[in-house]
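All chains should be modelled from the sequences, with the hints used to inform the complete structure.
Line order of the protein sequences matches chains A, B, C and D.
Residue 348 in the numbering used here sits at position 348 of the first sequence, and the numbers go up by one each step.
Residue 205 in the numbering used here sits at position 205 of the second sequence, and the numbers go up by one each step.
Residue 225 in the numbering used here sits at position 225 of the third sequence, and the numbers go up by one each step.
Residue 83 in the numbering used here sits at position 83 of the fourth sequence, and the numbers go up by one each step.
Keep in mind that the hints were calculated from the coordinates and are not lab data.
Note that beta-carbon positions come from the ideal geometry of N, C-alpha and C, so glycine has one too.
You may find that some hints are simply not true.
Chain C side only, calculated, beta carbon under 8 Å to chain D, not exhaustive [to be verified]: (1) Phe34; (2) Gly64; (3) Asp259; (4) Ser298; (5) Gly310; (6) Thr316; (7) Arg338; (8) Ile344.
There are 4 protein chains.
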Amino acid sequence: MNSITDKPKHFCGIVGIYSHKEMNIPGNLFYPLFSLQHRGQESCGIAYRRHGNLIAYKDVGMVGSVLSHYLHEDHPSFIGIGHVRYSTHGGNKLENAQPMIASCNKGQIALAHNGNISNSHVLKEQLIMEGSILQSTSDSELILHYLAKSKKSGFIESLLETFNRIEGAYSLVMIHDDTLIAVRDPQGFRPLVMGEKHDMTVFASESCALDILGIDHMREVKPGEIIIVNKNGKQSAFLTPGPCKSHCIFELIYFARPDSFIFGQSVHEARKRMGAYLAEIDKTPGDVVCAVPDSGNSAALGYSEHSKIGIDFGLTRNHYSGRTFIQPEPEQREFGVRMKLHPIRAVVKNKRITIIDDSLVRGTTSSIIVKLLKEAGAKEVHLRLSSPEIKCPCFFGIDIPTKEELISNRMSPDEIAHVIGADSVQFLPLEYLKKCVSNPEDFCFACFSGKYPVKVKDPEKRRKE
Amino acid sequence: MNSITDKPKHFCGIVGIYSHKEMNIPGNLFYPLFSLQHRGQESCGIAYRRHGNLIAYKDVGMVGSVLSHYLHEDHPSFIGIGHVRYSTHGGNKLENAQPMIASCNKGQIALAHNGNISNSHVLKEQLIMEGSILQSTSDSELILHYLAKSKKSGFIESLLETFNRIEGAYSLVMIHDDTLIAVRDPQGFRPLVMGEKHDMTVFASESCALDILGIDHMREVKPGEIIIVNKNGKQSAFLTPGPCKSHCIFELIYFARPDSFIFGQSVHEARKRMGAYLAEIDKTPGDVVCAVPDSGNSAALGYSEHSKIGIDFGLTRNHYSGRTFIQPEPEQREFGVRMKLHPIRAVVKNKRITIIDDSLVRGTTSSIIVKLLKEAGAKEVHLRLSSPEIKCPCFFGIDIPTKEELISNRMSPDEIAHVIGADSVQFLPLEYLKKCVSNPEDFCFACFSGKYPVKVKDPEKRRKE
Amino acid sequence: MNSITDKPKHFCGIVGIYSHKEMNIPGNLFYPLFSLQHRGQESCGIAYRRHGNLIAYKDVGMVGSVLSHYLHEDHPSFIGIGHVRYSTHGGNKLENAQPMIASCNKGQIALAHNGNISNSHVLKEQLIMEGSILQSTSDSELILHYLAKSKKSGFIESLLETFNRIEGAYSLVMIHDDTLIAVRDPQGFRPLVMGEKHDMTVFASESCALDILGIDHMREVKPGEIIIVNKNGKQSAFLTPGPCKSHCIFELIYFARPDSFIFGQSVHEARKRMGAYLAEIDKTPGDVVCAVPDSGNSAALGYSEHSKIGIDFGLTRNHYSGRTFIQPEPEQREFGVRMKLHPIRAVVKNKRITIIDDSLVRGTTSSIIVKLLKEAGAKEVHLRLSSPEIKCPCFFGIDIPTKEELISNRMSPDEIAHVIGADSVQFLPLEYLKKCVSNPEDFCFACFSGKYPVKVKDPEKRRKE
Amino acid sequence: MNSITDKPKHFCGIVGIYSHKEMNIPGNLFYPLFSLQHRGQESCGIAYRRHGNLIAYKDVGMVGSVLSHYLHEDHPSFIGIGHVRYSTHGGNKLENAQPMIASCNKGQIALAHNGNISNSHVLKEQLIMEGSILQSTSDSELILHYLAKSKKSGFIESLLETFNRIEGAYSLVMIHDDTLIAVRDPQGFRPLVMGEKHDMTVFASESCALDILGIDHMREVKPGEIIIVNKNGKQSAFLTPGPCKSHCIFELIYFARPDSFIFGQSVHEARKRMGAYLAEIDKTPGDVVCAVPDSGNSAALGYSEHSKIGIDFGLTRNHYSGRTFIQPEPEQREFGVRMKLHPIRAVVKNKRITIIDDSLVRGTTSSIIVKLLKEAGAKEVHLRLSSPEIKCPCFFGIDIPTKEELISNRMSPDEIAHVIGADSVQFLPLEYLKKCVSNPEDFCFACFSGKYPVKVKDPEKRRKE
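Structure (structure tokens):
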């Protein structure tokens with residue numbers, strides 16, 4: 001039921017495993033990929049080495065249906081990578097599924113990639129001019145082309161050459177022959193963690209994917225770090241440093257799972273602080289604090305704790321609504337929300353509700369939520385967002401609608417409140433958001449501020465591409 | 001992932017619609033059935049009248065996949081019923097799917113049924129002795145047989161005769177030619193509500209199914225009441241009263257959705273009271289209160305409010321775990337729980353956790369939950385259950401394991417704590433549970449007390465049947 | 001692609017196996033049911049005994065998809081039955097799938113049935129009057145009801161009593177507890193053969209189903225015979241003889257597989273004789289004889305041999321057209337035929353084609369076939385049918401359209417030729433057809449002659465039922 | 001049930017359509033692709049232009065299931081291509097599905113290809129050395145790479161340059177922007193025909209695919225011809241002529257549909273001549289001539305006509321055996337044949353059977369066929385093959401087993417007869433085969449003679465690749 005979500009969209013989750021002892025690699029990729037399902041539900045896939053060959057399997061669908069057979073078969077291997085992919089509009093869904101596999105003069109390579117290369121159009125133009133053919137619209141294919149074209153003597157040198165010409169946000173894992181490689185862009189836009197247990201080294205987008213394997217010894221892959229794992233052990237190299245670190249603040253606000261540690265901090269704790277600051281500045285508190293489940297859960301708790309106003313389940317979430325089916329158009333959005341979120345009358349009746357969500361994009365879902373609460377008897381509904389007003393597009397992997405569609409570009413909070421039927425709407429100001437994270441100078445807040453961490457040429461034109 | 005739940009199991013949810021204006025009845029059955037999905041996930045189906053014929057469609061699967069095509073096609077009708085069915089072990093799953101349809105001397109009948117007839121073995125024996133054939137193991141078939149055999153002159157008289165010989169728990173909706181009939185057993189074991197809106201009368205197991213249709217004018221179908229709706233309007237008749245009312249307390253503890261009103265009370269509020277009383281008697285409170293999501297949510301909130309100990313999301317629930325896939329046997333239960341429930345380290349680390357769940361059946365899942373929390377750094381884990389110790393089987397529609405499997409028949413709370421690795425385990429005593437509901441004298445608490453509301457002959461033998 | 005066939009339709013194929021040694025009964029039912037696929041493609045199913053229980057599995061679909069998993073699992077048993085069912089219009093397809101299972105005072109019974117009970121409406125009325133409920137529209141359910149109602153002391157006596165009140169066409173196999181029973185109606189309308197090999201007794205609709213199990217020791221179950229097989233061996237009983245034998249002539253003309261022996265004769269040989277007699281009376285022979293594949297194959301060969309005119313593949317059949325998909329309405333029939341049948345230009349160009357088919361019902365397909373041949377260059381097309389003009393409905397299990405739809409009720413052969421674009425049309429006269437079979441007096445030719453083997457009350461009214 | 005066929009395997013069928021009036025191109029690709037299903041059953045796909053974009057859809061499966069939805073939706077376009085692909089062993093089946101799509105400096109290109117490039121390993125090595133990446137194992141990808149790399153000024157010049165460096169067998173259709181291109185290799189290994197009707201130009205592997213569209217105005221695309229169709233009309237160019245024409249004789253012997261015209265001759269007529277020459281040289285004729293259906297049908301007819309020995313259906317073919325399901329290993333081959341082919345006892349009993357098939361590869365299926373006939377009572381079985389002994393691998397697109405597996409490399413006809421249980425085995429000598437086709441000098445007979453039409457370097461090594 002993605003159709004009803006009015007959230008910024010994200011692209012992928014990745015996992016890589018190297019084991020010094022042969023084991024069922026596909027089976028061991030299953031659980032961490034399942035844990036990253038929230039980062040992409042359209043397609044998923046894995047690649048692993050077996051008897052000197054790269055074997056890949058990918059399909060449209062969720063991890064539990066596409067990959068579960070690997071739990072029941074033994075595929076002995078020592079190296080593998082996996083990927084979950086978010087829904088993209090148009091195009092052949094399977095064509096862009098990952099990992100991507102290619103043969104070239106460096107050998108056989110498999111690649112799984114999370115991010116968005118910001119100079120991809122320049123790189124594509126150059127490749128096409130030089131006589132290459134492009135078989136997908138994926139950034140991953142560009143990386144493979146440049147790796148193949150590199151004339152450096154060693155593979156690490158080729159990696160450095162390749163990634164130093166690539167700009168933007170990326171975290172990725174690769175298999176090159178018998179070596180596992182993890183790379184994170186120099187600005188550290190997307191998260192990537194590494195954990196170790198027994199003979200096994202595992203990379204994943206979020207720590208929750210290592211937790212499910214019982215790995216508690218972990219660290220971040222550093223911005224610009226290339227880690228190479230093979231039978232000789234582990235080795236690090238570094239790309240040319242970027243102008244600054246630029247962790248994506250939306251990972252903390254919305255994307256990452258609350259039980260993950262991302263960019264060296266607890267996602268849940270950061271969100272609770274966002275809620276607490278929301279409470280701090282709220283001039284019109286209500287009788288009861290409620291979350292829009294589950295994206296507002298942590299912040300609502302922080303709001304309640306700080307304000308001493310009780311939290312309650314004014315809205316509950318239906319477990320079965322994840323199951324997709326197509327509804328008739330006119331009823332779609334509203335029934336979609338109604339089937340997913342249910343107000344508890346006993347909680348909201350005759351109450352002033354302070355309802356907490358993480359962000360406001362188009363405002364479409366929020367107006368239905370307000371309607372639901374009012375129908376259930378709420379006296380007042382005050383919407384509080386644990387992020388500032390989103391005003392600018394993202395060029396680093398987040399699918400934010402056009403400027404025109406972003407409600408905060410068209411209206412003030414009071415106007416929004418009027419339009420969605422709420423009694424008031426309040427955002428968390430950027431200066432407070434910065435107080436909620438450790439090392440705020442290492443984050444990218446461009447979707448709020450328009451201050452991009454790298455120069456973006458002709459941003460509106462590129463947005464449309 | 002039913003395989004990992006260690007909960008009493010319930011059987012069904014039902015819906016019936018009569019409309020004085022022709023409308024897309026199947027499409028209007030979809031949403032309320034979807035809202036009752038928590039009452040049964042194995043199969044679902046509908047039956048409706050069209051051009052003087054009864055049309056039925058049922059299949060194994062969830063509402064969203066089996067019935068969604070009805071949202072896109074117009075099936076004009078004025079009368080229909082629907083059903084969701086819980087998983088049962090063995091047997092042909094489709095054979096027992098409902099509604100059940102039959103032709104007989106009373107005309108065409110469709111029936112959807114929630115409950116358990118406690119004298120079914122006597123009725124079956126008699127039917128077979130008299131030369132009837134039984135094509136399913138369903139109680140519904142028995143009702144149809146007796147209706148057909150009734151020699152009373154009017155249909156209402158036949159209904160009264162039939163249901164007066166049936167004992168036990170049942171709420172049901174029927175189509176008889178152009179008439180919709182709702183029946184609730186005289187003791188009112190299972191819930192059944194009726195709502196009205198414009199030209200439409202709707203019956204459903206829970207109020208949440210009426211909410212999604214925007215119906216707020218509703219009342220309970222009374223214990224023993226038979227409501228007949230057709231073009232002439234609505235009419236009530238009453239079965240011989242039972243010895244007492246016997247509302248199933250487990251509907252309030254666990255089955256019903258928290259946003260429903262059941263037996264005239266708010267499910268969420270009742271559960272909050274259970275949590276509050278748990279807090280009241282708790283001698284060893286912890287640093288933070290956490291729920292086992294989602295069954296413990298309301299009670300945990302009640303506990304936190306009463307105890308003034310903060311609530312937090314020590315365990316979060318994975319949205320994607322509803323998607324079933326079969327895991328390899330040895331890993332099944334533990335990985336099943338791990339994939340569904342994730343501790344947030346930042347919340348539980350070095351804390352004494354008071355974790356609230358609704359009930360304890362075999363104790364299998366609880367031991368994994370305790371393990372998860374301890375692995376995430378919890379200093380102490382205190383398990384609190386918002387219900388008394390379950391010690392006795394149910395003969396009225398709840399699938400509780402045998403006496404031997406019920407952990408509370410084998411161990412004291414302290415022994416349970418030891419076995420599951422918790423620092424303490426405490427149940428809500430029955431006398432406190434009674435304080436949490438209005439009219440406790442109208443409830444059946446037999447699974448805790450063994451005091452059955454009707455005499456049960458040879459209960460252990462029947463249990464095995 | 002049934003939609004394009006313009007043939008009388010038939011209902012079912014059945015198989016029953018009893019083995020004195022335990023074996024994988026479901027796996028052994030698979031191959032004979034596969035061999036009977038031509039007798040029914042809509043649904044299929046099996047029932048067998050295991051540990052004292054009857055287990056059934058049935059679904060919509062072909063044998064190869066619904067039942068093939070039984071080839072890979074061992075289901076040890078000693079008794080089982082199976083069924084393939086032809087497409088019927090309307091109604092729940094699965095509801096009428098067989099075998100049908102019931103519990104009654106005689107024990108557990110499974111039944112698979114091929115035929116059509118001609119007094120079913122009387123039996124149904126009586127059952128309903130007596131207070132029975134009917135859950136399907138299947139004749140099989142009636143048999144089960146009457147068996148259950150029989151008060152005779154022994155099971156064989158109950159069988160005799162039941163089947164003596166049933167009129168019409170039926171061949172069936174049943175499991176009653178640990179006994180396998182085969183029954184054929186006293187007039188022997190539908191075929192049923194019995195074969196033996198090692199410890200195994202097998203019943204099947206056609207001999208081809210025994211061939212695939214390597215059984216060559218076989219005989220017909222006699223009209224009116226009831227054969228009972230269990231651990232004590234084999235035993236026969238006989239129903240009251242009918243007025244005459246009434247083998248369905250259409251089994252020989254079209255339904256049965258050419259490699260089967262049916263009613264004690266080779267199907268292929270009988271069809272060749274039909275073709276030979278067609279040649280004998282043909283006044284306007286062509287340059288080349290062609291079959292409409294595959295229903296005209298045997299007769300075309302007989303025609304060619306008798307006439308000394310060479311046979312050739314003027315029309316070939318596409319192997320892949322069995323795969324069903326829905327075509328857009330206006331193009332449906334013609335493209336359906338074009339995708340299934342392909343003329344070979346080199347054969348038909350500038351030739352006078354004598355094209356042989358088995359029968360003419362509505363004439364719709366034939367007009368397209370003529371068109372195909374003319375487009376491919378045929379100079380003349382002479383259609384010859386190896387059966388007489390079909391003029392009357394069947395009450396014994398063949399689905400022939402209404403009198404109005406039967407082209408031979410509306411037109412003479414010359415008129416038909418004109419309408420379908422052929423240069424001439426000729427049928428095999430009934431008196432010649434009778435010469436093609438052994439014991440013609442034992443056959444029912446009612447669809448040609450209107451002389452029904454039993455009195456049919458108010459035939460047109462019953463036809464519509 | 002490909003597993004039971006013991007036939008040389010072929011690779012693909014292709015279709016291309018250009019229409020001067022906009023029409024539903026995908027819907028019009030469906031029928032000719034369906035007609036080419038015999039050339040490939042593993043996967044299929046189409047590509048067409050819409051609003052200046054190339055849209056592709058391909059999947060594993062048959063035309064009827066993968067593409068039938070296009071019959072029901074309107075996809076207005078004027079240019080499209082399609083492809084059916086034969087089963088290949090190992091590898092990702094979908095990855096090699098066609099059409100293949102790429103963007104390059106020439107624009108957007110879609111390509112569907114039938115054949116086998118014999119210098120592919122040289123071309124691949126060069127591409128990889130030059131820094132290209134290869135994402136499939138398909139020859140089509142090589143063509144796209146070389147097209148992109150060509151520096152010629154015009155597109156036709158690039159085509160000529162590209163195809164002049166490609167050796168081997170290929171017939172292909174391409175979309176380049178708004179232009180449809182058809183190419184056939186200079187030696188004309190694989191067939192390719194062009195037809196026209198109204199505003200539409202259609203290319204297809206066989207004439208049967210044009211027949212179904214009602215096109216009778218057609219000609220062969222000439223060996224080495226490149227035909228370019230766009231809004232400006234049609235234009236031809238020619239590649240450098242090959243050393244000789246080399247039509248694949250196996251297209252006439254086995255691959256092509258009998259109703260097709262291939263290489264300017266009727267497939268059916270050629271096969272009948274093969275049968276006739278088989279009869280001419282046969283010293284031990286039988287009582288009855290039978291075909292192994294359907295591959296031996298035409299030749300058996302030719303044998304019968306020439307020998308004056310009657311033909312009959314000694315073996316019939318099951319229509320339902322196309323439906324695949326996996327059988328248990330040990331029973332697989334024999335049951336597979338038994339389920340597909342059924343002897344008619346009445347035909348073969350006590351007869352000397354001359355059974356005609358098209359070719360003998362490993363001999364595995366033939367031994368089962370002989371066994372079937374003998375079990376059905378055949379007195380003698382004489383196997384006649386309408387082709388010479390296959391002794392050499394093919395490098396031009398036919399999947400013939402290794403030399404060691406080819407039975408004719410290991411045994412004489414008499415030895416083969418002994419091993420497969422036949423009373424005699426006789427092949428059609430090469431000199432007679434040559435008499436059966438027009439212009440025998442234009443054919444490649446290398447699989448029989450080992451005389452390859454172009455020099456093959458290190459053939460055994462290449463065979464293994």
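Hints, verified against the model:
| no. | hint | result |
| --- | --- | --- |
| 1 | Phe34 | 6 Å, holds |
| 2 | Gly64 | 4 Å, holds |
| 3 | Asp259 | 4 Å, holds |
| 4 | Ser298 | 7 Å, holds |
| 5 | Gly310 | 6 Å, holds |
| 6 | Thr316 | 6 Å, holds |
| 7 | Arg338 | 6 Å, holds |
| 8 | Ile344 | 4 Å, holds |
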